[in-house]
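Colleague: The chain contents come next:
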Amino acid sequence: MIEFKNVSYSYACGRPVLHDISLRIEDGEQVGLIGANGAGKSTLLKAAVGLISAQGVITVNGMSVSADNLPEIRKTIGYVLQNSDNQMFMPTVLEDMTFGPMNYGMSRSEAEALADETLAGLGLSHLKNRHNHRMSGGEKRMAAIATALAMRPGTLIMDEPSSSLDPRNRRGLINTLNSLGQTKIIATHDLDMVLETCDRVILLSDGAIAADGKAGDVLRDRELLEKNGLELPFCLAGVPERTRG
Amino acid sequence: MNAARKAYAEIKEIDELVLGDSPVHRLSPLSKLAVTFIYILTVVSFNRYDITGLFVMVLVPVIGYQASGIPVSKCFSKLWPVMPMVCAVGLFNPLFDREIMLYVGPLAVSGGVISMLTLMMKGVFCVMASFLLVATTPIDEICRALRQIRIHRMFISLLLLTYRYITVLLNEAAVMTDAYHLRAPRQKGIQFSAWGSFLGQLLLRSMDRTQELYESMVMRGFEGEFHYARTRAASAYSVPFALICSAAVVLMRFYNISAALGSLFV
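Those protein sequence lines, which keep their order, are chains A and B. The numbering of the first sequence is our numbering, which starts it at 1 and goes up by one. The numbering of the second sequence is our numbering, which starts it at 1 and goes up by one.
Bear in mind the hints are in silico, worked out from the structure with no lab data behind them. Just to be clear, a hint being listed does not mean it is correct.
As the list claims (entries may be wrong) - So the derived list for chain B, only partly shown, Cβ under 8 Å to chain A, looks like this: (1) A9; (2) K12; (3) D15; (4) P138; (5) D140; (6) T162; (7) R164; (8) R209; (9) E212; (10) L213; (11) E215; (12) M217; (13) M219; (14) R220; (15) H227.
Even for Gly, the Cβ is constructed at its ideal location relative to N, Cα and C.
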C-alpha cells in the first residue's frame, strides 16, 4: 500500500511541480497515472521511492519514505525507468538482473537462480547472456522489466513503459503486464494501454489530481481528457479523420 | 561517422573483443590481472641500458595475442593516440647522455639513444600487456579481480562508473554532433563560437543520464559496493597459467635470454 498525504514538490528554482497530492494505492491495484507533459507524473513516482524529497507524508507498506526506511522500501518496489539504456548499466542482462538481489545480501548462485526463474517466467531466457548494447529497443524494455522483477517486488512502478515500442513489442508488454500479479503503477501517455492494463486511473494536471476513478470512466470522459491536454484513447475515439490534405 | 560516435564504436568494439572464447579469454580475471601486473613491474624494472634483456619481454604479450586470437595490430590501431606519448618518454635522453656505449658497424650509439629506446620499449610493452588484459576480460571482471585483492571499493566503483560515464558522454556527444551537423551542413567540425553552449549542454545532458543510471542503481540497493555475477566459468588452467607465466617473466628478467641465444652463434 502506498499513501501520499498532502505531498508537494518544487524544483530548486522554485517552480512548483506537485501541489498537495493526497491519494492511496491499495495492494493489488493496477493504476494508470496519466497527464500531459509536465503534469508531475514522473516526479510523483520518484517521490514514492525517495529519489526526490517532497514535502508531506508518503508511506509505503506503513513505512514512511525516509532515509532509514529507503533500503526496505526500494526492495519492495521495482522501478522501471523510461529509458532502458539508463536502467541497464551492467554489460549483460544476467549481471543486471543479479545486481539488485546481490546488493540485498543474496548469494551469487541464489541471485542467478532467481534471474533464471524470472527470465523463464517472462519467456526471455534467450536474453540471459546477451550484452545490453546488442539488444533491440523492445528486448531492452522487457529486460529492464525483468531486472526490476528479479528483486521480487510487491509493487511495480513504470515510467512510460510503452514509449518507442513497435506494435508487436507493445502488445507483448501489455500481455506481460497483465500476467503479473504485483501492484502496478504505470505513468504513461498511452491511454489505450492503460485501458487494457489498469483498473484505476489518476489524472494529473499541473501537479494536482484532476480525476481519480475507474479506468473505463475516466478514459471515456472526452471533455475531461481534452481539458487536461489529452485525447480519448484511439480504441474509443475510432480512427481519426485526416485534418489536412 | 562523427568523432564521438567513432570513439563510442571503438569502446564497443573492445567490448566485443571481450566476448571471444580463446584460452586466454577463459582464464580467470585474477590470474590475468596478476600476470599483467607482474609483467609490467618486471618490464619497468629493467636497467635503462639493458636493451637486449628487455627485447625478449616482447614475447609475452605477442604469445598472449596469438593465443587470444586478437591481432597485435588491433592494439596499435586502438591505441595510436596514446603511442606517441608513450614513445615521447625519453626523447631527450640522447641530448643529455652522449657517452658512446657501442658501435653498430661504423655507427656510434650513445647511452642516451639506448636508454631512449629502452624507455620506448618499456612503454609499448606495458601498453600491449594492458590492452591484452582489457581486450580479453570484461571491465566488471577486472573490477571483481581488483576487489579480490582488497583494492578499496571506492576506487573500484570510481573506475567502473568512470568507464560507464565515458560511454554515456560519448553517446550524448554523438547525438548532439549529429544534431548540429544536420543544421550546419557546410561546416567542418563545430564552430568555435558554439563550443561553450555545446560543452555546457553536453555536460548537463550526460549528468542527467548518469543521474538516472545512479537512480536505477540505488533503486536496486546499491550502497557503494558492486557485486559481480559470473559470466563464464574460469578455466582450470588459470592457477598453473599464473604461476608458470609469472615464473617465466621473472626468469626472463634475471637471465638474459637474448645474450644466451647470441652466444650460441658467436
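Colleague: Failing hints, ascending?
Modeller: Violated hints: 1 and 6; rest satisfied.
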